[in-house]
Amino acid sequence: MKMSINHKISWPWKKISILLWMLCCLANACAPDLDLNQLGAKSVNTYYQTPDDANAATIALYGQLRAIYRDETINTPNSVSSDDAIPFLTGNADRLALWNYNLTSQNTFVADIWANAYTGIQRSNVVLNRVPKIQMDEQLKNQYLGEAQFLRALHYFNLVRFFGDVPLVLDETLSLENSEVPRTSASAVYDQIVDDLKNASDFLPNSYSGSDVGRATKGAALGLLAKVLLTRAGSDAASPYWAQAANTAKEVIDMNTYALWDDYSQVFELANRCGKESLFEVLYITDLSGNNFTTGYAPRGSSIVPGTGSGIYRVSSSLFNSYENGDRRKAVTFLTSYTSPTSGEIVQLSVDNTDPALAVSFWKMADLTSTVAGQSGKSFPYLRYSDILLIYAEALNESNNGPTAEAFIAINKLRQRAGLDPIQNLNKAKFREAIMKERRLEFCFEGNRWFDLVRTGKLLEAVKTENSFSRNATIQGFNRYLPIPQREIDANSALTQNTGY
Amino acid sequence: MDNPLGIAKEVTDIYRVIRLLSNTYAEIKITDDLLFRTTFGANLINTKSNYYASRLISLGANTNGSASVSSTQSVDWLNENTLTYKHLFSEKHDLTALLGYTTQSSHSESVGASAINFNDDYALYNNLGGGATLQTPSSGAVDWALISFLARVNYSYDSRYLLTLTARSDGSSRFGPNNKYGFFPSGAFAWRISNEPFFHKNSWISDAKLRISYGLTGNQSISDYAYLSTIAQSTAILGGSNPIIRLGGVPAIISNLDLGWESNRQLDVGTDVSLLNNYLRLTIDYYSKITSNLLFSVNVPQTTGYSSSLRNIGKIKNSGFELTLGTTIGDKNKLQWSGDFNIAFNTNKVLRLDGRSEYLTGSGVGHLQVSNTVQLKVGEPLGNFYGREFDGIFQSEEEVAASSQPNAQPGDIRYKDLDGNNAINDNDRNIIGNGYPDFFGGFNNTFRYKNFDFNIFMQGSYGNDILNFGRFDLYNLNGNNNQSVDVLKRWTVTNPSNEIPRANASGGQRILSNFQVENGSYLRFKNISFGYEFPKSFISKIQGRSIRVYVAAQNMFTITSYKGYDPEVSRFGTTSISQGMDYGGYPASKTILVGLNIGL
Numbered sequence: 001m002k003m004s005i006n007h008k009i010s011w012p013w014k015k016i017s018i019l020l021w022m023l024c025c026l027a028n029a030c031a032p033d034l035d036l037n038q039l040g041a042k043s044v045n046t047y048y049q050t051p052d053d054a055n056a057a058t059i060a061l062y063g064q065l066r067a068i069y070r071d072e073t074i075n076t077p078n079s080v081s082s083d084d085a086i087p088f089l090t091g092n093a094d095r096l097a098l099w100n101y102n103l104t105s106q107n108t109f110v111a112d113i114w115a116n117a118y119t120g121i122q123r124s125n126v127v128l129n130r131v132p133k134i135q136m137d138e139q140l141k142n143q144y145l146g147e148a149q150f151l152r153a154l155h156y157f158n159l160v161r162f163f164g165d166v167p168l169v170l171d172e173t174l175s176l177e178n179s180e181v182p183r184t185s186a187s188a189v190y191d192q193i194v195d196d197l198k199n200a201s202d203f204l205p206n207s208y209s210g211s212d213v214g215r216a217t218k219g220a221a222l223g224l225l226a227k228v229l230l231t232r233a234g235s236d237a238a239s240p241y242w243a244q245a246a247n248t249a250k251e252v253i254d255m256n257t258y259a260l261w262d263d264y265s266q267v268f269e270l271a272n273r274c275g276k277e278s279l280f281e282v283l284y285i286t287d288l289s290g291n292n293f294t295t296g297y298a299p300r301g302s303s304i305v306p307g308t309g310s311g312i313y314r315v316s317s318s319l320f321n322s323y324e325n326g327d328r329r330k331a332v333t334f335l336t337s338y339t340s341p342t343s344g345e346i347v348q349l350s351v352d353n354t355d356p357a358l359a360v361s362f363w364k365m366a367d368l369t370s371t372v373a374g375q376s377g378k379s380f381p382y383l384r385y386s387d388i389l390l391i392y393a394e395a396l397n398e399s400n401n402g403p404t405a406e407a408f409i410a411i412n413k414l415r416q417r418a419g420l421d422p423i424q425n426l427n428k429a430k431f432r433e434a435i436m437k438e439r440r441l442e443f444c445f446e447g448n449r450w451f452d453l454v455r456t457g458k459l460l461e462a463v464k465t466e467n468s469f470s471r472n473a474t475i476q477g478f479n480r481y482l483p484i485p486q487r488e489i490d491a492n493s494a495l496t497q498n499t500g501y
Numbered sequence: 001m002d003n004p005l006g007i008a009k010e011v012t013d014i015y016r017v018i019r020l021l022s023n024t025y026a027e028i029k030i031t032d033d034l035l036f037r038t039t040f041g042a043n044l045i046n047t048k049s050n051y052y053a054s055r056l057i058s059l060g061a062n063t064n065g066s067a068s069v070s071s072t073q074s075v076d077w078l079n080e081n082t083l084t085y086k087h088l089f090s091e092k093h094d095l096t097a098l099l100g101y102t103t104q105s106s107h108s109e110s111v112g113a114s115a116i117n118f119n120d121d122y123a124l125y126n127n128l129g130g131g132a133t134l135q136t137p138s139s140g141a142v143d144w145a146l147i148s149f150l151a152r153v154n155y156s157y158d159s160r161y162l163l164t165l166t167a168r169s170d171g172s173s174r175f176g177p178n179n180k181y182g183f184f185p186s187g188a189f190a191w192r193i194s195n196e197p198f199f200h201k202n203s204w205i206s207d208a209k210l211r212i213s214y215g216l217t218g219n220q221s222i223s224d225y226a227y228l229s230t231i232a233q234s235t236a237i238l239g240g241s242n243p244i245i246r247l248g249g250v251p252a253i254i255s256n257l258d259l260g261w262e263s264n265r266q267l268d269v270g271t272d273v274s275l276l277n278n279y280l281r282l283t284i285d286y287y288s289k290i291t292s293n294l295l296f297s298v299n300v301p302q303t304t305g306y307s308s309s310l311r312n313i314g315k316i317k318n319s320g321f322e323l324t325l326g327t328t329i330g331d332k333n334k335l336q337w338s339g340d341f342n343i344a345f346n347t348n349k350v351l352r353l354d355g356r357s358e359y360l361t362g363s364g365v366g367h368l369q370v371s372n373t374v375q376l377k378v379g380e381p382l383g384n385f386y387g388r389e390f391d392g393i394f395q396s397e398e399e400v401a402a403s404s405q406p407n408a409q410p411g412d413i414r415y416k417d418l419d420g421n422n423a424i425n426d427n428d429r430n431i432i433g434n435g436y437p438d439f440f441g442g443f444n445n446t447f448r449y450k451n452f453d454f455n456i457f458m459q460g461s462y463g464n465d466i467l468n469f470g471r472f473d474l475y476n477l478n479g480n481n482n483q484s485v486d487v488l489k490r491w492t493v494t495n496p497s498n499e500i501p502r503a504n505a506s507g508g509q510r511i512l513s514n515f516q517v518e519n520g521s522y523l524r525f526k527n528i529s530f531g532y533e534f535p536k537s538f539i540s541k542i543q544g545r546s547i548r549v550y551v552a553a554q555n556m557f558t559i560t561s562y563k564g565y566d567p568e569v570s571r572f573g574t575t576s577i578s579q580g581m582d583y584g585g586y587p588a589s590k591t592i593l594v595g596l597n598i599g600l
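Quick note, the sequences are listed as chains W and V, same order. So the first sequence is numbered by this note's numbering: it starts at 1 and just counts up by one. So the second sequence is numbered by this note's numbering: it starts at 1 and just counts up by one.
These are computed hints drawn from the structure, not numbers from a lab. These numbers were taken from a predicted model, which means no experiment stands behind them. Be aware that one or more of the hints could be misleading.
Stated by the list, open to error - Estimated spans, in silico, between C-beta atoms of each pair:
1) 58(V) <-> 342(W): 15 to 23 Å
2) 303(W) <-> 591(V): 37 to 45 Å
3) 211(W) <-> 588(V): 51 to 59 Å
4) 133(V) <-> 301(W): 56 to 64 Å
Backbone N, C-alpha and C define an ideal beta-carbon position, used for all residues, glycine too.
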């Protein structure tokens with residue numbers, strides 16, 4: 001029967017079979033694949049397999065840090081919202097709002113602090129989730145995990161100081177399920193920071209070599225832990241954290257890894273990057289991948305820097321006039337005059353002249369070798385040994401109800417380097433004052449001042465006192481925290497706003 | 001904003017496209033009724049961009065000139081295979097059935113390079129090596145593919161009833177592995193009433209048709225690989241006093257493996273009627289379209305580590321009427337008028353979002369960084385601008401003291417305290433405008449008299465608002481940029497304006513309120529032209545076919561109260577979410593054309 005059917009195939013059916021055959025060929029040849037891979041980059045599904053991937057994921061943590069500290073994110077609120085600096089008065093209105101405390105939840109500086117920190121935290125969470133599953137050298141693996149914990153702690157430390165209670169996210173975001181995270185109490189956030197830093201200090205090496213220099217070390221983790229504990233003690237005289245801060249600082253000192261440079265100017269030199277005084281810093285490359293510390297803060301319009309100076313903010317008279325006679329730090333820290341490259345005349349700068357072109361400027365991190373605007377190469381000094389000494393001195397003073405001999409030795413090391421007479425015979429309150437003043441002069445423009453004023457409860461007083469340029473800041477107690485960014489509240493119904501905003 | 005004249009004169013921006021289209025097909029007639037057709041089309045596109053901003057404007061001044069060149073090369077191909085059966089049964093039943101399988105794919109590569117710091121502006125973009133600082137070059141490649149299966153039946157009975165049924169299944173590489181394919185059936189029915197036997201041929205109705213259609217269509221207009229989290233590079237610097245760049249890898253987005261087709265379910269009912277021997281032509285349409293699984297980039301909490309994520313969210317309904325009326329009256333030798341008038345009314349409504357009842361969206365604009373400008377809310381229309389309510393200007397210290405804005409000074413904007421808590425903050429935001437018009441339409445008129453013709457085409461939109469971001473710059477009086485002349489009427493002690501705030505060296509804060517929202521209604525004379533056609537007797541002498549001279553003016557007049565450059569321009573293009581936003585968008589140019597058409 002079959003044969004007979006075959007014989008009966010008529011002409012059109014033959015055509016159809018040819019056609020079907022052609023169709024199949026075409027379908028095979030032309031059917032494109034719908035599962036297309038990105039040609040220029042791997043995806044999360046194919047990444048995180050090798051030790052190299054683990055290293056790259058960890059290096060990305062420093063990429064976010066570079067982005068945060070190259071601009072204003074942390075430094076501007078610390079300078080203009082305290083009593084150290086006055087913003088360019090006809091510049092960005094949101095920066096001005098940080099200065100006169102006309103703060104709203106729409107402020108873009110505030111939004112940047114939040115977004116940048118959580119981007120960094122997510123990168124740490126990715127490392128902490130993915131790297132443990134990669135087959136690789138255990139010691140190296142632990143180092144990467146330690147770096148991730150150190151940097152997660154660094155970001156949460158910024159967040160908890162700026163905002164108080166914040167959402168505590170510790171897992172990698174893989175989907176949007178459960179992404180509306182409510183705020184966690186500041187004290188629980190601090191517990192996590194302390195945990196992360198203790199783990200990191202166990203995992204991290206004392207030092208690196210070659211192109212790994214600059215990664216987080218054991219000293220960086222311990223040093224930051226000391227600072228966290230000091231901050232956590234707040235202005236509570238009975239806090240147990242004072243003693244813990246003193247002990248941790250002592251641990252760093254006893255590592256005998258760190259020391260002060262002989263001269264304050266050496267701290268910021270390009271050649272001394274990651275040098276003996278540096279526990280942790282954020283590195284840049286002149287002209288290639290730099291920061292804005294040169295053009296950004298030079299007197300406005302001045303042509304002594306690549307581009308022309310932006311004068312983002314200027315030095316307050318209260319800071320400028322706080323230096324004792326003979327303090328060598330003053331000349332390193334500020335630009336007080338310059339020779340005009342065009343006219344050859346010497347231009348004298350002042351802290352009072354309203355012309356931003358004639359304003360005394362922050363200069364200690366200016367890189368005069370750079371030729372491209374916004375690409376200068378000096379590091380952001382995140383944590384220096386001098387900070388450890390002052391943390392140690394302050395914590396000893398608080399935990400021992402007055403300064404100990406060791407406390408005097410620590411602070412006087414800094415004063416001696418600055419060319420000042422040692423201090424002695426001070427009571428607890430006077431010593432506390434001396435520490436605060438020393439911190440202000442030593443660390444101005446290094447992202448510390450506002451944090452220091454807030455933790456010691458001196459913010460209102462300081463802001464109201466520094467009232468030049470008709471600041472008239474409408475600061476109130478609630479301003480010790482920034483507003484939670486409105487964009488965030490709009491996107492996350494579990495969030496609440498800080499009191500007062 | 002840069003000086004527009006400076007941008008026009010000092011920026012060289014050239015974009016060239018070379019495109020090669022080819023199409024081949026083969027047909028096999030299997031029987032008289034059955035046809036197989038396969039086509040293969042390829043589209044090769046080469047583009048080249050050349051850009052140079054000179055040192056005379058701010059775009060190039062900071063970098064001593066800025067040059068870049070980039071080029072893309074793409075190959076798109078399309079293969080369509082259809083099997084069509086067509087037969088007329090009993091002389092009245094006309095049936096066409098089609099089965100099809102089509103595949104489409106695209107591969108595109110791009111490369112770009114740029115340099116800054118030139119000694120002079122001479123070479124423009126022609127010598128990137130002349131720049132002292134070379135920027136990191138870029139290159140990339142993108143693939144895309146679509147596979148479709150389709151079936152269609154067209155049936156017509158006696159040219160009176162027409163029925164079309166279609167079913168198609170499309171698979172796109174752009175969507176996540178869980179939802180690559182979408183199924184989109186549709187049906188349409190038309191009834192040509194004027195072909196019915198009961199219809200009198202010499203009636204005053206010359207032609208009448210009733211149409212109804214209902215169906216689903218899909219939308220895949222998103223970028224490639226948008227569902228997949230690829231690894232992006234992050235530049236870090238390590239190495240102490242001899243630092244080098246080290247590259248790290250980070251997930252670029254949150255993967256969304258469920259990302260799938262956006263679908264539109266649309267009902268259309270319409271009628272076409274010609275009256276009085278085609279003197280009057282009328283088309284009326286009603287439509288109702290429900291868009292589901294909207295492809296939308298949702299703002300996500302930054303605590304995820306990301307700022308937005310592309311999702312299929314929600315449901316939106318659009319419905320409305322469209323009316324077209326056309327007529328031709330008179331004789332060309334005396335005076336003839338052809339008029340075409342159309343008007344469209346559309347309303348839309350958000351039916352569902354991603355579980356939330358409302359949220360804010362809208363990204364920042366340039367340096368202004370004013371974001372979250374649009375509110376999406378269930379039950380409300382799309383395009384709602386969201387901000388504070390302008391409530392005049394503070395006239396005195398007493399008014400400030402009695403208000404909820406203790407930081408304000410006389411001359412500052414007063415906002416309404418909508419929640420009545422004696423504090424002005426972001427809880428005092430409300431809907432302050434809508435970017436969609438109540439109606440829009442056009443009116444085209446052509447008058448002919450002997451060899452002369454005269455055309456006026458008007459187009460307009462009514463009831464829409466424009467969020468004019470330019471007002472943040474043009475009224476800030478901070479001394480950094482050009483201002484609107486309106487600032488001359490600003491509040492001063494001697495000029496107690498209630499509309500324009502005082503001069504404020506710090507420019508004030510960028511708070512969105514109705515102060516930035518303007519009425520966007522307009523009526524524009526898109527085209528006015530006047531022409532003369534040379535008489536046949538003259539043309540035959542020179543052995544041509546036709547000669548026409550004309551003068552035309554385009555976009556000559558616009559009646560509007562909008563203060564930006566152009567009410568027709570919308571910065572964010574045509575996305576349905578961000579209608580009616582303008583930030584100094586480049587206006588449509590006014591053109592005067594003098595033309596000569598010669599037919600040989």
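Do the hints match the structure? See the list:
The given range of 15 to 23 Å is respected by residue 58(V) and residue 342(W), whose C-beta atoms sit roughly 20 Å from each other. Between residue 303(W) and residue 591(V) the C-beta distance comes to about 44 Å, which sits within the given range of 37 to 45 Å. Our hint of 51 to 59 Å for residue 211(W) and residue 588(V) holds, since their Cβ atoms are close to 55 Å apart. Here the CB-CB span from residue 133(V) to residue 301(W) is close to 23 Å, at odds with the stated 56 to 64 Å.
Hint 4 from the earlier list is the only one contradicted by this structure; the remaining hints agree with it.
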